[in-house]
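Participant: So you can see what is in the structure, the chains are spelled out below.
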Amino acid sequence: DSGVTQTPKHLITATGQRVTLRCSPRSGDLSVYWYQQSLDQGLQFLIQYYNGEERAKGNILERFSAQQFPDLHSELNLSSLELGDSALYFCASSPRGHPGYEQYFGPGTRLTVT
Amino acid sequence: TQLLEQSPQFLSIQEGENLTVYCNSSSVFSSLQWYRQEPGEGPVLLVTVVTGGEVKKLKRLTFQFGDARKDSSLHITAAQPGDTGLYLCAGAETGTASKLTFGTGTRLQVTL
Chain A
101 DSGVTQTPKH
111 LITATGQRVT
121 LRCSPRSGDL
131 SVYWYQQSLD
141 QGLQFLIQYY
151 NGEERAKGNI
161 LERFSAQQFP
171 DLHSELNLSS
181 LELGDSALYF
191 CASSPRGHPG
201 YEQYFGPGTR
211 LTVT
Chain B
151 TQLLEQSPQF
161 LSIQEGENLT
171 VYCNSSSVFS
181 SLQWYRQEPG
191 EGPVLLVTVV
201 TGGEVKKLKR
211 LTFQFGDARK
221 DSSLHITAAQ
231 PGDTGLYLCA
241 GAETGTASKL
251 TFGTGTRLQV
261 TL
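Quick mapping for you: the protein sequence lines, in order, are chains A and B.
With the working numbering applied, the first sequence corresponds to residues 101 to 214, in that order.
With the working numbering applied, the second sequence corresponds to residues 151 to 262, in that order.
The shape of chain A in the complex, shown without the other chains (with noise of 0.2 Å):
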């Protein structure tokens, strides 16, 4: 057990809907990174918070947005959901705020979009 939590553990929503995924942290981790896992594009970076504040962007799409709040626990909007967008989501968290050193990760959210 890493000590990080994602709610919930699977997801199955239609196309065009709009889905939270819950991640908290470990107690102390300031840093929180959001990361898409799909069979043919492997596991993705795609935002990290540290502090409540974005710090690094990746390959997020304009359809996905986040936030981590002042209790340090994150949320992942998914929107105008689509088939493509079908994957496992982890979170992972770390005491610092560089991604060099070790993430903690969450046991994830399996999204199907059917």
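Hints are not guaranteed to be accurate.
[Claimed, not checked] Derived contacts from chain A toward chain B, CB cut-off under 8 Å, selection only:
no., residue
1, 103
2, 143
3, 202
4, 207
5, 208
[To be verified] In silico SDA-like cross-links for lysine to any residue, where the CA-CA straight-line distance does not exceed 25 Å:
no., chain 1, residue 1, chain 2, residue 2
6, A, 109, B, 195
7, A, 109, B, 234
8, B, 220, A, 202
9, A, 109, B, 188
10, B, 220, A, 144
11, B, 220, A, 140
Treat the hints as calculated values from the structure; they're not laboratory data.
All of these numbers come straight from a predicted model, not from anything done at the bench.
Beta carbons: idealized from backbone N, C-alpha and C, even for Gly.
For this one, chain A is given, so just place chain B on it according to the hints.
Facilitator: Leaving out everything else, chain B in the frame of chain A:
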């Protein structure tokens, strides 16, 4: 976009055999991490290497960072079924707005 190519992509071996997984890039990284991921779970960090030429050992696993910090290898001695999983290398760029780029992955299966 920095790319990290791993080889081999798949590896099926018997218990007791040795193996090496390679992680190669044309880019220089400030550090490189190795993760293992099991089905339905998130990746778990195995090691972080920072210095060019650095070698780290974790029981039967030996990790090496290339001298130029562009490549890395993972060697497993006397593989066991518990080593089965997806092995991912990940390189960190320099700078404050950097990101972790994951490799293409090596799926290892160790059978009895």
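Participant: Run every hint past the structure and note whether it holds.
Facilitator: Checked hints:
1. 103: violated, 11 Å
2. 143: holds, 4 Å
3. 202: Holds, about 5 Å.
4. 207: holds, 6 Å
5. 208: holds, 5 Å
6. A:109 / B:195: Cα-Cα ~21 Å, so holds.
7. A:109 / B:234: Distance ~23 Å between residue 109 of chain A and residue 234 of chain B Cα, so the pair holds.
8. B:220 / A:202: holds, 19 Å
9. A:109 / B:188: Holds: residue 109 of chain A and residue 188 of chain B sit about 16 Å apart, inside 25 Å.
10. B:220 / A:144: holds, 19 Å
11. B:220 / A:140: holds, 24 Å
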